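**Student:** Each chain is listed here by its residues.
There are 2 protein chains.
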Amino acid sequence: MGPGKIRGVLSPVVTPFTADLAPDPERFVRHCRWLLSQDVGLAVFGTNSEANSLSLDERVELLDRLVEGGIDPARMMPGTGCCALTDSVRLTAHAVKAGCAGVLMLPPFYYKGVTDEGLFRSFAEVIERVGDRRLRVYLYHIPPVAQVAITLGLIERLLKAYPDTVAGIKDSSGDWNNTKAVLDAFAASGFDVFPGSETFLLAGMRGGGAGCISATANVNPGPIARLAATWQAADADQQQQRLDAVRTIMQGYVMIPALKAAIARWSGDAAWSTVRPPLVALAPEQSADLVRKLEAVRFDMPGLRG
Amino acid sequence: MGPGKIRGVLSPVVTPFTADLAPDPERFVRHCRWLLSQDVGLAVFGTNSEANSLSLDERVELLDRLVEGGIDPARMMPGTGCCALTDSVRLTAHAVKAGCAGVLMLPPFYYKGVTDEGLFRSFAEVIERVGDRRLRVYLYHIPPVAQVAITLGLIERLLKAYPDTVAGIKDSSGDWNNTKAVLDAFAASGFDVFPGSETFLLAGMRGGGAGCISATANVNPGPIARLAATWQAADADQQQQRLDAVRTIMQGYVMIPALKAAIARWSGDAAWSTVRPPLVALAPEQSADLVRKLEAVRFDMPGLRG
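Residue numbers (this note's numbering), protein chains in the order written: chain W, 1 to 306; chain B, 1 to 306.
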């Protein structure tokens with residue numbers, strides 16, 4: 001582990017929208033501040049951030065607003081991987097200049113069945129064009145959504161070509177066998193592996209992982225961060241079970257609207273439930289059902305109601 | 001069929017790049033001019049245009065350069081559907097202001113498993129925000145790539161809400177049963193159905209289709225346009241067979257690099273073979289093999305060489 005590398009638990013921060021579907025920087029800064037208070041870092045512009053429903057300019061503007069709002073960029077790992085090479089370069093360069101700890105980079109995800117050679121060239125072009133020694137790239141493997149995978153062979157090639165830049169991976173395959181293979185192959189050399197869900201947090205830490213980057217860290221940050229910090233404690237398995245109970249409830253709904261419904265409820269701020277198309281907010285009866293289930297496991301978001 | 005609606009054969013025009021991977025407007029204008037000379041319209045910024053590897057600004061700039069280059073926008077149907085609502089609105093509005101005959105609109109394609117309700121809201125928001133009576137939207141159904149489908153139910157809802165705006169569909173499912181179902185349901189009411197390949201051109205015309213929008217119209221435009229114009233002629237089935245022979249050869253390779261390799265060969269301009277990552281150009285032996293196979297069926301691109 002290099003000094004100052006970002007580790008532990010990060011949240012792909014949900015992006016609030018105003019009633020006319022514009023990004024809402026004030027609520028965004030406030031939620032980031034709360035997450036930091038829970039010891040959770042900020043993987044802004046992730047899948048669960050609806051980042052791919054935001055234009056490049058909207059993402060640049062939101063990042064600027066976070067920094068202006070006093071949010072420490074050393075606690076940020078913004079998503080910067082776009083379909084278009086030129087977009088990925090622009091957003092990545094902006095994140096580096098803002099002082100972000102790293103960037104989480106999707107492969108270009110429109111064209112399917114592309115080769116590792118093509119993906120290597122994509123990442124290499126971004127790294128070369130940004131051309132900044134401060135850049136730390138975390139590869140984003142999320143085949144259920146991107147439908148374009150980051151293979152072990154690709155990681156190996158990128159690490160060989162850019163050992164000081166390629167810093168880790170978020171593995172959102174949902175397949176522990178893949179996460180374990182990546183851990184076994186690369187973790188010992190200082191490559192930071194973040195499972196894409198706290199479901200694999202304890203197993204990941206035991207296997208040499210760096211933490212996790214998880215949607216539900218938006219709503220259950222404190223307990224997830226606590227397990228990451230105390231995974232060697234005697235109660236680690238019980239902690240994991242409690243995290244799983246909340247996660248299981250959330251997974252009974254479409255994740256992004258469910259996260260926003262929970263934040264709306266526990267912040268007392270109904271505006272949080274707004275999503276951008278193609279997503280659709282939970283129906284009122286779904287929200288009520290979700291809240292009931294969460295209350296039944298004594299779920300809380302302490303300190304959220306500012 | 002409304003007066004002046006764009007019909008017949010269109011090509012998702014391949015986008016040329018310079019050696020440093022920047023879009024090359026001069027070669028782009030030249031190729032568009034050649035396609036028009038072959039009676040093929042311009043579905044610029046399609047899948048085969050590597051449009052999703054271009055930033056919004058690059059697409060806006062290329063469209064402007066086409067118009068400045070004297071290319072008739074009434075022969076254009078640019079792709080304007082992006083992941084981000086705000087991007088789709090901006091590009092669509094720009095295309096309408098430029099006088100384009102219509103736009104070909106992908107659904108937002110990052111988030112998977114979205115509902116028809118969410119997709120309806122996506123298209124509706126773009127139509128409402130562009131707010132221009134001249135707008136003609138062609139829906140783009142390409143589930144093998146976008147992994148997000150345009151269902152018959154969604155078409156019906158959009159047609160009901162925006163009967164003067166929702167003008168047709170490109171069906172790149174590769175599934176004739178789907179194309180036939182769309183034709184049977186909507187063609188009689190003036191909804192223009194374009195199969196996404198000339199493989200289904202004759203069957204489509206016989207079923208009330210409007211033409212086709214096909215990758216291979218980049219390299220074999222004249223013969224494809226001729227079948228669209230003469231599909232009721234006695235030799236239509238033989239024409240279809242000759243088109244299929246060329247298409248089958250092209251499909252033996254990754255389509256976009258193969259199109260560019262053929263253009264490079266028949267234009268005598270090797271620079272055409274450049275693609276943007278994540279795509280990779282054909283290896284020299286693959287290009288040579290492709291050319292040999294095309295020559296064996298007396299393939300030609302008349303008038304392409306300056």
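To be clear, the hints were calculated from the coordinates, so they are not data collected in a lab. One should not assume that every hint holds.
[Unchecked claim] What follows is a set of in silico ranges between Cβ atoms, one per label pair, in the way DEER data are often shown:
hint, chain 1, residue 1, chain 2, residue 2, range
1, B, Glu26, W, Ala22, 10 to 20 Å
2, W, Glu295, B, Gly99, 56 to 66 Å
3, W, Glu128, B, Asp64, 23 to 33 Å
4, W, Glu128, B, Asp57, 45 to 55 Å
5, W, Glu61, B, Pro163, 35 to 45 Å
6, B, Glu26, W, Asp184, 50 to 60 Å
7, B, Thr248, W, Lys112, 19 to 29 Å
Bear in mind the structure is a predicted one, so any value in this text is a computation, not a measurement. Backbone N, C-alpha and C fix where the C-beta goes; we use that ideal spot for every residue, glycine too.
**Student:** Now, for every hint given, state plainly whether the structure supports it.
**Tutor:** Status of the hints after comparison with the structure:
A beta carbon spacing of about 38 Å between glutamate 26(B) and alanine 22(W) contradicts the range 10 to 20 Å that was offered as a hint. Checked against the given bound of 56 to 66 Å, the beta carbons of glutamate 295(W) and glycine 99(B), roughly 57 Å apart, stay inside it. Judged by the Cβ atoms, the range 23 to 33 Å given for glutamate 128(W) and aspartate 64(B) holds: they are separated by roughly 29 Å. Between glutamate 128(W) and aspartate 57(B) the beta carbons are some 21 Å apart, a value that contradicts the proposed interval 45 to 55 Å.
Range check, glutamate 61(W) to proline 163(B): Cβ separation about 37 Å, and the 35 to 45 Å hint holds. Taken as a hint, the range 50 to 60 Å holds for the pair glutamate 26(B) and aspartate 184(W), whose Cβ atoms sit roughly 51 Å apart. Take threonine 248(B) and lysine 112(W): their Cβ atoms lie about 21 Å apart, and the range 19 to 29 Å holds.
Violated hints, listed in ascending order, are 1, 4; each of the other numbered hints is respected by the structure.
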